[in-house]
Structures are given as structure tokens and as C-alpha cells.
Amino acid sequence: MLLLRNYWLGLSAALALLVSGGALAQSPLFTPIYEVLTHPRCLNCHTLTDFPRQGDERRRHDQLVMRGEDNHGAPTLQCSACHQEQNVAEDKVPGAPHWGLAPLSMGWEGMGPQELCTVLKDQSKNGGKDLQALLKHMEEDPLVLWGFDPGEGRTLPPVDHTRFVELLEQWVNAGGPC
Amino acid sequence: MFTIRVNGEDHTVDVPADKPLLWVLREDLKLTGSKYGCGQALCGACTVHVDDQPTRSCVMPISAAEGHNITTVEAIDQQQIGRLVQQAWQELNVPQCGYCQSGQVMAATALLTENRSPSDRDIDEAMSGNICRCGTYARIRKAIHKIADEQL
Ligand code: FES
Ligand code: FES
Chain A
262 MLLLRNYWLG LSAALALLVS GGALAQSPLF TPIYEVLTHP RCLNCHTLTD FPRQGDERRR
322 HDQLVMRGED NHGAPTLQCS ACHQEQNVAE DKVPGAPHWG LAPLSMGWEG MGPQELCTVL
382 KDQSKNGGKD LQALLKHMEE DPLVLWGFDP GEGRTLPPVD HTRFVELLEQ WVNAGGPC
Chain B
2 MFTIRVNGED HTVDVPADKP LLWVLREDLK LTGSKYGCGQ ALCGACTVHV DDQPTRSCVM
62 PISAAEGHNI TTVEAIDQQQ IGRLVQQAWQ ELNVPQCGYC QSGQVMAATA LLTENRSPSD
122 RDIDEAMSGN ICRCGTYARI RKAIHKIADE QL
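Protein chains in written order, with this note's numbering: chain A, 262 to 439; chain B, 2 to 153.
Be careful, since some hints might not be right.
What the hints assert, rightly or not - To give an idea of the chain A side of the interface with chain B (calculated C-beta under 7 Å), a few residues:
#: 1; residue: H322
#: 2; residue: L325
#: 3; residue: A342
#: 4; residue: G414
What the hints assert, rightly or not - Using 16 Å as the maximum straight-line C-alpha spacing, the simulated EDC-like pairs for lysine to aspartate or glutamate come out as follows:
#: 5; chain 1: A; residue 1: K397; chain 2: A; residue 2: E376
#: 6; chain 1: B; residue 1: K147; chain 2: B; residue 2: D123
#: 7; chain 1: A; residue 1: K353; chain 2: B; residue 2: D19
#: 8; chain 1: B; residue 1: K20; chain 2: A; residue 2: E346
#: 9; chain 1: B; residue 1: K147; chain 2: B; residue 2: D121
#: 10; chain 1: B; residue 1: K20; chain 2: A; residue 2: E427
#: 11; chain 1: A; residue 1: K386; chain 2: A; residue 2: E401
#: 12; chain 1: B; residue 1: K31; chain 2: B; residue 2: D53
#: 13; chain 1: A; residue 1: K353; chain 2: A; residue 2: E376
#: 14; chain 1: B; residue 1: K20; chain 2: A; residue 2: D323
#: 15; chain 1: A; residue 1: K353; chain 2: A; residue 2: E430
#: 16; chain 1: A; residue 1: K397; chain 2: A; residue 2: D352
Treat the hints as calculated values from the structure; they're not laboratory data. Backbone N, C-alpha and C define an ideal beta-carbon position, used for all residues, glycine too.
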């Protein structure tokens, strides 16, 4: 009797997870990628807000910095007013080429792995990138690369960039399962 | 050697590539209107225009400034709006100690050039990177509105 009860409990828990899109239904190939994409070095500029964030605590960017119409700040307080093509002032001011926010459609805040994965692949939201183009972006874009080498005093995503690209290749080769 | 165009004139300076534009302006060109406050793009005292965009000269390496048009507060009166800003600043007695004000003037000139009738929100979003330790914000706001309402 007890055995049967445990069996039913286990089965319904598994079903609930499947239905809610929980851990059981999620691609293990995407999980480590998700861990990287939701690290503050990536997420602080992939926001769903009209401003960027900063720091590991992901606070609103100081100085009332705004997203602006082109994702590069207010009309006369642009990201490039302060952010150069590389870190400056002994790494205190971060910088990389075309420093700016990702468009709102590429914001990932508050998303679980499946939702983020779906949004990431959605060509109506990601600037028309297929899986190969996504791989290229994350392999080569200087802003992405900065996230893996952000300079003194900033934490790093859970894997280094070489490993990240390997993980992406495996995911892309498997057809980008979510 | 780097050649930079400042206030319409070319200057060649022999300095390391990572020397901040602010220090080239102040030490090599003796243009001391732009101030040093923090050296980390946090206060705005060093604001100059680079191709008409307010930029923190304390963090811009001289190597990145080459090929751009740089305007400092010394020449801002050559622009109509820059002149109006300086006049309004005098009329309303905006500065207190004055330390932040060359940066404020540069930021306000760029704002009013881009937007001739800025809302309070526009002013906040354009000017919040320019810190004033004397707290002249209310007078800055008033002066910007005065120019927009009466002169533009
Ligand atoms: S001195 Fe450049 S922003 Fe403070
Ligand atoms: S007037 Fe003193 S810092 Fe602004």
C-alpha cells in the first residue's frame, strides 16, 4: 500500500514537471549555456528595462543612464560618453567596441531556460539570426568577448569563452534543442 | 605623436597613447577650463564635446581622440546655444564654487542643441552624469528652461 502510494506521488510529480516545462523537459545541452547567458556580465545589458544594470547585484546603472531609442543611451548622454573601446582607468570603467544595450527584444531578465532558449532562437526577436549566426555572434562579437574578460574586480561567467563556444557548438549541432 | 583637432585647430602632441584627453588639454594645450574631478567618468567635470557629443575626457585615451572634432568650454561661446547657456548661467547666478560648471555648460549646450524644449525628464536624463557637489541643480534646471522658453 505504501509502495503504491509512493509510486503515484512520484509519477504525478514527474508529470507536473513535464507539464510546467520544468527540469525534466529541458535540454541538458542548453542548461550550461543558460548559466552563462544569465550571468550579470551578459544580463546587465540584455535587460527588459529602459536602462542598463551594473554590478553583480544588478543595480540600476548609476547616473540615470537610459536605454535610449537606439539602445546606446539618451540623445546627449550616450554610452560612449564614458565607455571606450577597451577598459580604462585601471579597469574601473569597462569598455569594448560598440558598447551598448541589446535591443529590448533580446532582453532575458526573469526567464527560465526554456523561455530564454526560445526567445534566443526566435528570428523575429534576435535580429534574424539562425543558429549559425547566433554561434558566430557569441564566438566573435567583441562585446560578448568582453564578458569573459571583463577586467579586475568583476566576476566571470561560469565557464571560459573557449568552453562556452564548445557548448554552443554542441547545442547548435544538435539543432538548438530547448 | 598624435594630432587632435581642438576648437577648430590642429595640435600635435608627443604623449603616450593612453594619456587621457583631459590631461592633454590641460597640460599640453594649457586649456584648463575642463576640470578633473574623479578620473573615472563618474562626475562629468571633464566633459568636452567629441563630434558634438558630450564625452568624459578623463577616460578617453588620446589615441581614441584622433580624427575627431573636439570642442572645449573655451570655445563654446562660438556656438549660438553655447553663448546663450553662458549668458543664462551668469544671469541666474548658476555656479556656486564653479568647479563642475564647465561640464554643466557643455552638457546643457549639447542638450539644448539637440532638443530645443527639453522636459524636466529630458534634463534629468541628459544631465544626471554631471554631479554638482554644491547642489546647483535647481538653478541649472531653471536656466535651461529659461533659454528654451525665451530664446529658442
Ligand atoms: S573627471 Fe571625468 S568624469 Fe569626473
Ligand atoms: S558649483 Fe560647486 S560643484 Fe557645482
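Check your understanding: If you check each hint against the structure, which ones fail?
Key -> 1, 4, 5, 10, 11, 12, 13, 14, 15, 16
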